[in-house]
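Below are the chains, spelled out letter by letter.
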Amino acid sequence: MPTILSIKDLRKAYDDGFEALKGVSLDIDEGEIIALLGPNGAGKTTLISTICGITMPTSGSVSVAGFDILRDFRQARSLIGLVPQEIALEPFEKVINTVRFSRGLFGKGRKDAAVEDILRRLSLWDKRDSQIRALSGGMKRRVLIAKALAHEPRVLFLDEPTAGVDVELRKDMWEIVEGLRADGVTTILTTHYIEEAEAIADRVGVINKGEILLVEDKDKLMARMGQKQLDVQLTTQLTEVPEALGGYDLTLGDEGWTLIYSYDTKSERTGITKLLTDVAGAGLQLRDVVTRQSSLEDIFVSLVKEPEGSA
Amino acid sequence: MNWSAIRAIYLFEMARFFRTIAQSLISPVLSTSLYFVVFGAAIGSRIDEVEGVSYGAFIVPGLIMLTVMTQAISNASFGIYFPKFIGTIYELLSAPINFLEIVMGYVGAAATKAMFIGIIILITSFFFVDIQIQNPLAMVMFLVLTCVSFALFGFIIGIWAGNFEQLQLVPLLIVTPLVFLGGSFYSISMLPPAWQTISMFNPVVYLISGFRWAFFGVADVHIATSLLAIAGFTGLCLGAVWWIFKTGWRIRQ
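Protein chains in written order, with the working numbering: chain A, 1 to 311; chain B, 1 to 253.
Hints may contain errors.
[What the hints assert, rightly or not] Which bits of chain A does chain B cover? Going by a derived footprint, with three or more residues having C-beta under 8 angstroms, they are: (1) 15 to 25; (2) 54 to 68; (3) 73 to 86; (4) 247 to 261.
Because the hints were derived from the structure by calculation, they are not lab data. Ideal Cβ positions, reconstructed from N, Cα and C, are used throughout, including at glycine.
Extracted from the complex, chain A is given alone in its bound form (with noise of 0.2 angstroms):
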């Protein structure tokens, strides 16, 4: 797939010094979701501001199907939907007004069929002569989303787009971002929900304190981070691993009544088998076996915790 967005030693500095953007570089496919995952102030908003012309960079380039966000940004613009964090609309306008504005923002002519299919698409077709004040906070957010796409644009940006929504929203969300990706739409979208970056995105990438900590294909990043453990719970109480099981990569734990054995889940044999055998052949009895697998939310707590020692 081509590149659709090219970031290139991307720097935000605001008038009181503070560095949001600390030269952040990403390519991103057409086609693709890709998630930015990263605490509160890491600069998620403050790279989609940028891109999407609300702030201005320091330096560095940005460039959308090669047209650069500065020098060309009438067609770099009209590429992009945006949809903000914060809920924002004129509360006395109409819904179908408020979409057919951002048409015409945008520079598209009049295109009742476009703007319908968009309102449809978001269950908003039977709310269309609705006032905004009077729509529902989720609705709301679908309105937010109608105007983003009401151009037609080809990379979409959700800025925390289920921050504060509930669980049926979050899973629609998740259902809209699908349907388009299947019209080709590249979504970018930034969340500290790592459940959300598991369910939609091809690739995720994490950012803190201004930087790009890592970015990889998610089930990638799942296999290469994504260690197994395997907890035996015993019946005894160990002081140390016993000497017929030296062989194995042990530890202790729970203090000494349980034995953590880690593992590959890529690897053919994990050796599990052949470890439970070994450890009933030490006269150890079982109480239980359990295994954890690290979630993203694991990968990514290590990362942000110890940026150093990650990628």
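Put chain B on the given structure of chain A with help from the hints.
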């Protein structure tokens, strides 16, 4: 030029005006009628004529200017301040439009609204006094220029304002006094010499004088001076707006 965007902003702003059409129209018509009753009938009966024009007719251009200026400022300042206040400004900043297009949309709509109200007042005044407009073309031109330049000024106030209080501050503390002291209800020549000199520093004097000239062919200052003053004011506002968007002052970090 992104004409579609200019049209979108213009229509969106006009829609706001038409949503509140009743209060948009009733209020200026009512206040104008009150001015006619108080100044025209009550006081005017004692003043008789000013520079050969009946007092009732004499105050019509000033009344129109008074309302048009304040309406242009309040509409334009609110038009751009409100998106800042509720956060919808993000859409303007991320749209493929430049400052000129944003200004044309917002200022164009605010100027249209002000002009609309100005015309309504003119029509209302026909019910109270007998007026003949000597230079209709000049009248329209002055009206348009005043609407546009004060809408530009209002746009700047809207960008500058950090809260609703500040939004009201400049119109209330600066514009209203300047308009009242600018000869809306009197001729500058009626003032003592010292105050006449002071009045010459009031830019509104030139606008009202020029506008009145278009109606009656009489003016406090030469018509060319009036034109120059309004052109200068428009240029100044345009320059300020250009600078605002160039530097992103108060809107883009």
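We went through each hint and held it up to the structure:
no., hint, verdict
1, 15 to 25, "violated (count 1)"
2, 54 to 68, "holds (count 3)"
3, 73 to 86, "holds (count 10)"
4, 247 to 261, "violated (count 0)"
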